[in-house]
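Work the whole structure out from these sequences, hints included.
Quick note on full-length UniProt numbering: the sequence shown kicks off at 1 and runs consecutively.
The set of hints was computed from the structure by calculation and includes no laboratory data.
Do not take every clue at face value.
[To be verified] Here are the simulated distance ranges between beta carbons: (1) D41 x T62: 25 to 33 Å; (2) Q55 x R220: 46 to 54 Å; (3) L61 x R93: 40 to 48 Å; (4) T58 x G103: 35 to 43 Å.
In this text, all values refer to a predicted model and were calculated from it rather than measured experimentally.
Backbone N, C-alpha and C fix where the C-beta goes; we use that ideal spot for every residue, glycine too.
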Amino acid sequence: MARPRMRPSDAVTALWPGVLLLALGIGGFLVALDWVREQEDLFLLDQPLLEYLSQNRTPGLTAFFEVVTTIFGPVVLPIVVAVIALIWWRVSRSWWHPVLLVGAMILSTVLGMGLKIAVGRARPEDVFMLIPGFETSYSFPSGHTIGATTFVLVVSYLLLHEDSDATWRLALWSVGAVLIIALVALSRLYLGYHFLTDVLAGACVGVAVLGVVVAVERWRDLSLERVDPPQGLLSLAEVDDRPYAAPDAERADQERADEAVAGSEEGSAEEPDADDPASPAEPQDERPA
1 MARPRMRPSD
11 AVTALWPGVL
21 LLALGIGGFL
31 VALDWVREQE
41 DLFLLDQPLL
51 EYLSQNRTPG
61 LTAFFEVVTT
71 IFGPVVLPIV
81 VAVIALIWWR
91 VSRSWWHPVL
101 LVGAMILSTV
111 LGMGLKIAVG
121 RARPEDVFML
131 IPGFETSYSF
141 PSGHTIGATT
151 FVLVVSYLLL
161 HEDSDATWRL
171 ALWSVGAVLI
181 IALVALSRLY
191 LGYHFLTDVL
201 AGACVGVAVL
211 GVVVAVERWR
221 DLSLERVDPP
231 QGLLSLAEVD
241 DRPYAAPDAE
251 RADQERADEA
261 VAGSEEGSAE
271 EPDADDPASP
281 AEPQDERPA
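Structure (C-alpha coordinates):
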(Lines of atoms letter the chains of each structure in order from A; the text may use other names.)
(Lines give C-alpha, C1' and ligand atoms only; values in the text may rest on other atoms or scores of the structure.)
Protein backbone atom coordinates (compact mmCIF):
# COMPACT_ATOMS: atom_id res chain seq x y z
CA MET A 1 0.00 0.00 0.00
CA ALA A 2 1.31 3.43 -0.91
CA ARG A 3 2.33 5.64 1.95
CA PRO A 4 -0.30 8.37 2.59
CA ARG A 5 0.90 11.84 1.79
CA MET A 6 1.85 14.29 4.52
CA ARG A 7 -0.60 17.16 4.78
CA PRO A 8 0.25 20.54 6.32
CA SER A 9 -2.58 20.08 8.82
CA ASP A 10 -1.05 16.79 10.00
CA ALA A 11 2.29 18.50 10.64
CA VAL A 12 0.59 21.35 12.51
CA THR A 13 -1.35 18.89 14.67
CA ALA A 14 1.86 17.06 15.55
CA LEU A 15 4.07 20.07 16.22
CA TRP A 16 1.87 22.69 17.84
CA PRO A 17 2.29 21.51 21.50
CA GLY A 18 6.07 21.55 21.19
CA VAL A 19 6.08 24.90 19.41
CA LEU A 20 3.83 26.36 22.11
CA LEU A 21 6.15 25.17 24.91
CA LEU A 22 9.17 26.48 23.01
CA ALA A 23 7.52 29.88 22.59
CA LEU A 24 6.54 30.03 26.27
CA GLY A 25 10.07 29.15 27.37
CA ILE A 26 11.73 31.67 25.08
CA GLY A 27 9.20 34.35 25.94
CA GLY A 28 9.64 33.83 29.69
CA PHE A 29 13.42 33.95 29.36
CA LEU A 30 13.30 37.21 27.40
CA VAL A 31 10.98 38.77 29.97
CA ALA A 32 13.34 37.83 32.81
CA LEU A 33 16.30 39.15 30.83
CA ASP A 34 14.47 42.42 30.26
CA TRP A 35 13.84 42.73 34.01
CA VAL A 36 17.55 42.36 34.67
CA ARG A 37 18.67 44.80 32.00
CA GLU A 38 16.05 47.41 32.86
CA GLN A 39 16.39 46.75 36.63
CA GLU A 40 12.64 46.61 37.17
CA ASP A 41 9.81 44.30 38.30
CA LEU A 42 11.15 41.08 39.90
CA PHE A 43 14.71 42.33 39.60
CA LEU A 44 13.89 44.60 42.53
CA LEU A 45 13.43 41.48 44.70
CA ASP A 46 16.77 39.92 43.78
CA GLN A 47 18.93 41.60 46.42
CA PRO A 48 16.38 41.79 49.30
CA LEU A 49 15.48 38.10 48.92
CA LEU A 50 19.14 37.10 48.80
CA GLU A 51 19.89 39.05 51.96
CA TYR A 52 16.87 37.66 53.82
CA LEU A 53 17.72 34.02 53.04
CA SER A 54 21.41 34.41 53.88
CA GLN A 55 20.54 35.94 57.25
CA ASN A 56 18.05 33.19 58.19
CA ARG A 57 19.99 30.01 57.51
CA THR A 58 19.74 27.07 59.89
CA PRO A 59 22.03 24.03 60.09
CA GLY A 60 19.23 21.65 59.13
CA LEU A 61 18.03 23.61 56.08
CA THR A 62 21.60 24.27 54.99
CA ALA A 63 22.44 20.55 55.01
CA PHE A 64 19.22 19.72 53.15
CA PHE A 65 19.70 22.29 50.41
CA GLU A 66 23.36 21.31 50.01
CA VAL A 67 22.20 17.77 49.18
CA VAL A 68 19.58 19.05 46.75
CA THR A 69 21.99 21.33 44.91
CA THR A 70 24.65 18.60 44.75
CA ILE A 71 22.31 16.02 43.21
CA PHE A 72 21.33 18.41 40.44
CA GLY A 73 24.81 19.82 39.99
CA PRO A 74 27.20 19.41 37.05
CA VAL A 75 28.94 16.38 38.59
CA VAL A 76 26.18 14.16 39.99
CA LEU A 77 23.30 14.88 37.58
CA PRO A 78 25.11 13.61 34.43
CA ILE A 79 25.84 10.35 36.27
CA VAL A 80 22.19 10.05 37.32
CA VAL A 81 21.04 10.69 33.74
CA ALA A 82 23.48 8.11 32.34
CA VAL A 83 22.35 5.44 34.83
CA ILE A 84 18.65 6.11 34.19
CA ALA A 85 19.17 6.05 30.42
CA LEU A 86 21.02 2.72 30.63
CA ILE A 87 18.35 1.13 32.84
CA TRP A 88 15.63 2.52 30.57
CA TRP A 89 17.28 0.98 27.52
CA ARG A 90 17.75 -2.39 29.23
CA VAL A 91 14.13 -2.54 30.40
CA SER A 92 12.39 -1.20 27.30
CA ARG A 93 14.79 -2.70 24.74
CA SER A 94 14.46 0.56 22.83
CA TRP A 95 17.16 3.18 22.42
CA TRP A 96 14.93 6.06 21.30
CA HIS A 97 13.72 7.50 24.61
CA PRO A 98 17.03 7.11 26.46
CA VAL A 99 18.85 8.86 23.61
CA LEU A 100 16.19 11.57 23.53
CA LEU A 101 16.68 12.17 27.26
CA VAL A 102 20.47 12.35 26.96
CA GLY A 103 20.17 14.64 23.93
CA ALA A 104 17.84 16.98 25.84
CA MET A 105 20.29 17.20 28.74
CA ILE A 106 23.18 17.97 26.39
CA LEU A 107 21.12 20.64 24.63
CA SER A 108 20.16 22.26 27.94
CA THR A 109 23.79 22.29 29.11
CA VAL A 110 25.03 23.90 25.90
CA LEU A 111 22.25 26.50 26.01
CA GLY A 112 22.96 27.31 29.64
CA MET A 113 26.67 27.82 29.07
CA GLY A 114 26.10 29.92 25.96
CA LEU A 115 23.46 32.13 27.57
CA LYS A 116 25.62 32.73 30.65
CA ILE A 117 28.43 34.01 28.46
CA ALA A 118 26.09 36.06 26.26
CA VAL A 119 24.40 37.82 29.21
CA GLY A 120 27.50 38.07 31.43
CA ARG A 121 25.76 38.79 34.73
CA ALA A 122 27.98 38.60 37.80
CA ARG A 123 27.23 36.26 40.69
CA PRO A 124 26.04 37.54 44.06
CA GLU A 125 28.78 38.89 46.29
CA ASP A 126 30.91 36.37 48.15
CA VAL A 127 29.53 37.52 51.48
CA PHE A 128 26.14 35.98 50.59
CA MET A 129 27.54 32.64 49.38
CA LEU A 130 27.63 29.71 51.78
CA ILE A 131 31.14 28.98 50.53
CA PRO A 132 32.61 32.28 49.35
CA GLY A 133 34.09 32.10 45.87
CA PHE A 134 32.80 28.55 45.30
CA GLU A 135 30.87 29.57 42.16
CA THR A 136 32.87 31.57 39.63
CA SER A 137 30.89 31.32 36.38
CA TYR A 138 28.30 33.86 35.28
CA SER A 139 24.98 33.94 37.09
CA PHE A 140 22.19 34.32 34.50
CA PRO A 141 20.53 31.86 33.95
CA SER A 142 20.92 29.24 36.71
CA GLY A 143 22.50 26.08 35.30
CA HIS A 144 21.25 23.93 38.18
CA THR A 145 17.67 25.07 37.55
CA ILE A 146 18.02 24.44 33.81
CA GLY A 147 19.26 20.90 34.43
CA ALA A 148 16.60 20.07 37.03
CA THR A 149 13.76 21.50 34.93
CA THR A 150 14.87 19.72 31.78
CA PHE A 151 15.43 16.41 33.55
CA VAL A 152 12.15 16.12 35.45
CA LEU A 153 9.97 17.53 32.66
CA VAL A 154 11.47 15.41 29.87
CA VAL A 155 11.38 12.20 31.94
CA SER A 156 7.78 12.94 32.96
CA TYR A 157 6.69 13.60 29.39
CA LEU A 158 8.34 10.51 27.94
CA LEU A 159 6.90 8.23 30.62
CA LEU A 160 3.41 9.67 30.25
CA HIS A 161 3.71 9.49 26.47
CA GLU A 162 3.98 5.70 26.79
CA ASP A 163 0.83 5.54 28.95
CA SER A 164 -1.26 8.59 28.10
CA ASP A 165 -4.46 7.09 29.60
CA ALA A 166 -3.14 7.29 33.17
CA THR A 167 -4.52 10.73 34.03
CA TRP A 168 -3.82 10.29 37.73
CA ARG A 169 -0.16 9.78 36.92
CA LEU A 170 -0.17 13.01 34.96
CA ALA A 171 -1.37 14.90 38.03
CA LEU A 172 1.14 13.13 40.29
CA TRP A 173 4.06 13.70 37.94
CA SER A 174 3.09 17.35 37.49
CA VAL A 175 3.06 18.01 41.23
CA GLY A 176 6.32 16.14 41.70
CA ALA A 177 8.05 17.97 38.85
CA VAL A 178 7.02 21.40 40.13
CA LEU A 179 8.16 20.47 43.64
CA ILE A 180 11.60 19.30 42.50
CA ILE A 181 12.16 22.37 40.31
CA ALA A 182 11.10 24.66 43.15
CA LEU A 183 13.44 22.93 45.63
CA VAL A 184 16.42 23.17 43.31
CA ALA A 185 15.72 26.83 42.54
CA LEU A 186 15.27 27.63 46.24
CA SER A 187 18.50 25.83 47.08
CA ARG A 188 20.42 28.13 44.73
CA LEU A 189 18.88 31.19 46.38
CA TYR A 190 19.26 29.90 49.93
CA LEU A 191 22.93 29.03 49.47
CA GLY A 192 23.59 32.48 47.98
CA TYR A 193 24.78 31.42 44.53
CA HIS A 194 21.98 32.95 42.41
CA PHE A 195 19.35 35.67 42.24
CA LEU A 196 15.60 35.12 41.85
CA THR A 197 15.60 36.18 38.19
CA ASP A 198 18.44 33.72 37.51
CA VAL A 199 16.41 30.70 38.57
CA LEU A 200 13.25 31.92 36.82
CA ALA A 201 15.19 32.27 33.57
CA GLY A 202 16.70 28.82 34.08
CA ALA A 203 13.25 27.26 34.46
CA CYS A 204 12.16 28.95 31.23
CA VAL A 205 15.12 27.48 29.36
CA GLY A 206 14.13 24.03 30.62
CA VAL A 207 10.56 24.53 29.36
CA ALA A 208 11.93 25.54 25.95
CA VAL A 209 14.04 22.36 25.78
CA LEU A 210 10.95 20.33 26.69
CA GLY A 211 9.19 21.97 23.74
CA VAL A 212 11.94 20.71 21.42
CA VAL A 213 11.59 17.19 22.84
CA VAL A 214 7.79 17.21 22.47
CA ALA A 215 8.03 18.39 18.87
CA VAL A 216 10.62 15.73 17.96
CA GLU A 217 8.68 12.94 19.67
CA ARG A 218 5.34 13.84 18.08
CA TRP A 219 6.93 14.24 14.65
CA ARG A 220 8.42 10.77 15.00
CA ASP A 221 5.01 9.38 15.98
CA LEU A 222 3.47 10.93 12.88
CA SER A 223 6.21 9.51 10.65
CA LEU A 224 5.79 6.01 12.11
CA GLU A 225 2.01 6.20 11.68
CA ARG A 226 2.44 7.04 8.00
CA VAL A 227 4.75 4.05 7.52
CA ASP A 228 2.64 1.58 9.53
CA PRO A 229 -0.89 2.88 10.23
CA PRO A 230 -2.77 1.26 13.15
CA GLN A 231 -4.86 -1.75 12.15
CA GLY A 232 -8.47 -0.84 11.38
CA LEU A 233 -7.71 2.86 11.26
CA LEU A 234 -7.18 5.19 8.33
CA SER A 235 -4.85 8.12 8.32
CA LEU A 236 -6.23 11.59 7.72
CA ALA A 237 -4.90 11.56 4.18
CA GLU A 238 -6.59 8.24 3.40
CA VAL A 239 -9.89 9.40 4.84
CA ASP A 240 -9.87 12.46 2.62
CA ASP A 241 -9.06 10.36 -0.48
CA ARG A 242 -12.12 8.10 -0.10
CA PRO A 243 -15.08 8.88 -2.42
CA TYR A 244 -17.87 10.63 -0.58
CA ALA A 245 -21.25 8.93 -0.29
CA ALA A 246 -24.32 10.52 1.20
CA PRO A 247 -25.54 8.88 4.43
CA ASP A 248 -28.99 8.11 2.93
CA ALA A 249 -27.47 6.41 -0.10
CA GLU A 250 -25.17 4.30 2.10
CA ARG A 251 -28.13 3.29 4.28
CA ALA A 252 -30.23 2.31 1.25
CA ASP A 253 -27.40 0.22 -0.20
CA GLN A 254 -26.99 -1.58 3.11
CA GLU A 255 -30.74 -2.31 3.36
CA ARG A 256 -30.83 -3.76 -0.17
CA ALA A 257 -27.81 -5.94 0.63
CA ASP A 258 -29.49 -7.22 3.82
CA GLU A 259 -32.71 -8.03 1.92
CA ALA A 260 -30.78 -9.92 -0.75
CA VAL A 261 -28.98 -12.01 1.90
CA ALA A 262 -32.26 -12.74 3.72
CA GLY A 263 -33.98 -13.78 0.47
CA SER A 264 -31.23 -16.19 -0.51
CA GLU A 265 -31.35 -17.80 2.96
CA GLU A 266 -35.16 -18.31 2.73
CA GLY A 267 -34.86 -19.85 -0.73
CA SER A 268 -32.28 -22.33 0.49
CA ALA A 269 -34.48 -23.33 3.43
CA GLU A 270 -37.53 -24.12 1.23
CA GLU A 271 -35.73 -26.52 -1.13
CA PRO A 272 -36.19 -30.16 0.01
CA ASP A 273 -33.17 -32.32 0.41
CA ALA A 274 -33.44 -35.53 -1.59
CA ASP A 275 -31.01 -37.34 0.68
CA ASP A 276 -32.89 -36.40 3.83
CA PRO A 277 -35.16 -39.32 4.89
CA ALA A 278 -37.38 -36.90 6.78
CA SER A 279 -38.24 -34.96 3.70
CA PRO A 280 -41.52 -35.98 1.91
CA ALA A 281 -41.03 -38.26 -1.11
CA GLU A 282 -42.15 -37.02 -4.43
CA PRO A 283 -45.24 -38.84 -5.75
CA GLN A 284 -44.48 -41.45 -8.42
CA ASP A 285 -46.69 -42.33 -11.34
CA GLU A 286 -48.30 -45.77 -10.88
CA ARG A 287 -48.41 -47.61 -14.17
CA PRO A 288 -50.07 -50.98 -14.60
CA ALA A 289 -47.75 -53.78 -15.21
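**Message:** Checking each numbered hint in turn, tell me which of them this model violates, lowest number first.
**Reply:** Result: no hint breaks.
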